[in-house]
Amino acid sequence: MVPSHAPRRRRRTRWLAGATSAALLLLPALASTATGAPVSGVHDFADGDAQGWISYANAGTVTSGVTDGELCATAEGGVNPWDSALQHDDVTYDRGTTYTVSFDARASAPVTIPMQGGLGYPAAFGHQVVLDGTDTPQRVEFTFTPADWPTRPGNPDSPVADDWTTGTGQISFQLGGQAAPYTFCVDNFSMTSGTRIVHSFAGGDTGDFDLYDAPGAGAGTARASADGQGACIDLRGGYAAAYEAGLERKYVEVTEGRNYVLELTAYVPGAGDASTDVNVLVGQYGDPWHRVLDASASLTSEPRTFTFPFTANASFSADPAAAFGRIQVELGRRATPYTFCVNDVSFVETTEAPPAYEPETGPRVRVNQVGYLPAGPKRATLVTEATDPVEWRLTSGSTVVASGTTTPRGVDPTAGVNVHEIEFDDVTTPGTYTLTADDDTSHPFAIGADLYQDLRHDALNYFYPARSGIAIDGSIMGDEAYSREAGHVGRPGDATPNQGDYAVPCITPEEAQGLYGDWTCDYTLDVVGGWYDAGDHGKYVVNGGIAVAQVLSTYERALTSPTGDAAPLGDGSLDIPRDEQTNGVPDPLDEARWELEWMMRMQVPAGQPLAGMVHHKVHDVDWTGLPLLPADDPQPRRLHRPSTAATLNFAAVAAQGARLWEQYDPEFAADLLAAGRVAYDAAVAHPDLLQPAPNADPSPGGGPYDDDEVQDEFYWAAAELYLTTGEQVYQDAVLANEYHTADLFTKGGFFWGDVAALGRMDLATVESAIPGRTAIRQSVVDGAELYLSRQAAEPFGTAYSGNADGVYEWGSNSAVLNNQVVLGTAFDLTSDQRFADAVVESMDYLMGRNALNQSYVTGYGTVFSKNQHSRWFSHSLTESLPNPPRGSVAGGPNSDVGTWDPIIQGLYNPEHMCAPQLCYVDNIQSWSTNEITVNWNSALSWVASFVADQQAGDRSDAGAVAWVTTDPADTTAVDGTDATFTVAVTGSPAPSVTWQQLVDGTWTDVADASGDARTVSTARAAALADGTTLTVPARLADSGAQFRVYAANEFGGAYSASATLTVTAAGGTDGGSTGGGSTGGSTDGGATGTTTPTSASRPLATTGANVGVALGVGLALVLGGAAAVALRRRARLRG
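Its first residue numbered 248, the sequence shown is counted upward by one per residue in our numbering.
Think of the hints as simulated: they come from the structure by calculation, not from any bench. Some clues are possibly wrong.
Claimed, not checked - Cβ pair distances, simulated, as ranges:
| hint | residue 1 | residue 2 | range |
| --- | --- | --- | --- |
| 1 | 1312 | 1276 | 23 to 33 Å |
| 2 | 1159 | 522 | 25 to 35 Å |
| 3 | 732 | 549 | 37 to 47 Å |
| 4 | 339 | 568 | 34 to 44 Å |
Glycine residues also receive a C-beta, built at the ideal position from the N, C-alpha and C atoms.
Work the whole structure out from these sequences, hints included.
Here it is in structure tokens:
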């Protein structure tokens, strides 16, 4: 046994480069209505709010208020200027900062108004505001530095000591002591440090801003708004990208670590209550196009001011010769023509940090927003401050159908909230319900047996629009918005920006910046086809490997599991090209073929260096921006160096695909198997060609998928090749691999970089004569027991509690799903309902029973992810493009801070950290929490199909696979007596039992023995007398004979370990080892008959409690001469 392998990084490392570099902050725009707004923002009083300004009079009188967008005060009397004032409290002053105070002011009479601000006299600034008494506002602007203020002990009257750094005080206009009553008005007031841009567009004046439309016929130009308060432009709509129309201000200085406020007052005249979304950005103009603010505003027909506070995480200069900063409002999201109007824009630096982000989480009663199976588990989670049980009620319409009290579960550290659990298993009537507790009511949900039938198909339908090299027909998907041209089928020299995948060269050392040393190649490959991996246009073998394996396994499970149903996965079941829907092949196999054929093209041709190895990936030389349809990608493409990991991924899935395709296309199956063999041999010859971690290239154009441990890939590939061919060389490789006896089912679960579990589960479920298969199966069950126990401790019902350190990793939802795959496989092996219930309950978490009250599957639930990171499913950027298709799963919460993108960095930081479940935002630029990938949807496909197969929720009576629970033991008998071998089996239907003897190196059914001198002539009668006991006459010539059992029912079969007969002479002499052509020693069923030491006494590592196999109830043994049950066994491909 070897120790449990430490989990490796599951992320696809991304660099903050290219236009994909997202914003620091995404917050809902804040309407300017806050009382006491800091003076670091611009106070324009447009909404009638005084924004924290007050008036007072110690002598004389003063009244104040907001009139027509100005703050005005009428003052009379008083002897001293400070006898009455207009004042703002809670103003922060930093000693080392230079501030700029600016505002517009006017007065009804010529006056000079003293202005003062600070921490208390004499630690204050003073300024005289001289007004001419006209109605025209005068612009006032001045600077001051608190470092110049007197301090103690130098000035004993000062309120601050010499070592002060930051303090809070006031700022005021002193209105008293004037000769006659007068009115003073102020507008657009701010006190800022550093960058300050304030512009009014009145009269159509755009100043240093550019208000533009995309060039071409009918392009709009800026003009004055109808009321003269701003500028407007008529836009054509239907743009390819949001930035094709916009409002832009270049040459803006931004400093990392400083706080800023961007304000925008804008509207869409004539829009009524309908809203038009625009993107509001602050970022770099030029490579790598980094953004420090990426937000949006929903404009209606009425002017509204939107406020976007943020802290910059990068610096940009105002130098036109550099990659300068820019303010940009992208107006090209809308598909139809409209008019955009803007009144004011301001961008100011401030000392005030932006408010801490708090996600909107909706009702505190968290449920599976899709619903619950009638006979399945039904749990909900209540977020509450209560520590004692509270009452709950379940309602259908106006009828209360169940009630009870909650079970307090304490503070969930993964969610950062105190929670209670609600259980309502007894409610089984189909319908629509809500759940109320602690004065809050959940989102509606259903109870029904058909809740997941559509998801089975939707999850698998994800792969068709992810195809490369083929035009996507949206009508197949029921939505023309998904139609697009074929991606990456251009050729250099074509009249298209796309350079395509028909003749892709290898990356050069210079392009790779030394990532692969001096490696390159002198050939090109046609690598058209395959699936785009994630939100970019890259295609990666290691991610494609686990994805295609899970798509294949979704179908293969239907052939081996008691609850499996192949009919819903048959020909015509998926939204794929129509010729594939009618070719007589199950559609998941058609979909997998698209990726398998591409992987074959990635193999190094014969005669080249590293022939037979498989290139790790193909993608652009630089990152591209969003949105970008695949056919419009202008970047050159490059093959990256082959890797051992990629080569073994292909060998594994080629073997698996071959055994499933043999029935439908033997020629394709043979090609797959042949290519897989070549790949495996090449990997054996090059076992350490490892994919390196990324280097300092700021824009590598794709994720690295680095992998420095490949023994798990060797194990998986050998397992699949053995299951398909039964050949000894692969069996030996499986048994010799350290992962064969390793604890594979670790807390973080398996993923693309740790794939040994894929081989282990297939060895457990796919019929073979692998030695020690009972122990293999038991290891899967024990792993599931571990996940089961951990899930029971999770108040939100998830099968994932983070990695060994409690961190939710990149793609945490895929970890939830892959742990569900282990639980589901354990159910398939045992028919123990606990495991199926765990899979079903973990769907609760994915469908909304979580800290965010968010369904992570597009189109499922009330509040669901729909803005996942993608270059072409980019509706949130361009209205003409679609959201990800229904059934797309988002990556999910990621609390691994070192992998965060700028969006999530802007929401949380070490001073305001998110609990693991909260580290997610449904934003297209948050690739580290909200990406979509083929290997995450493949896991969802497997799980969704499993849950759909559970129908109403309890399928424990569907049958059970055959297990050999007690192997026959080696037996010694005296010449002339009888020897007895006994086996115990379980299964439902009860398995047939066939005894076999090793004859001339081949396992032969005893009942069919021909009477050869080296077989036992009376074995047939003995075997028929009792199916679980074999009685044979002991003869010296038969000493060393080996026997085993094959137990089978309609779900497949299982072999026992072999047992050896030793015969001694009547006087005690051993008769030798000549019987049955055996070479001696026990065997557990090598398919070629070559003997192998049994592993029955060498159990695999367990991961949980020592729990025995959960056996079906009432399973009878087959007795007498019962005929063998017809098996759904697939013919094996043999080399």
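List, from low to high, the hint numbers that the structure doesn't satisfy. none
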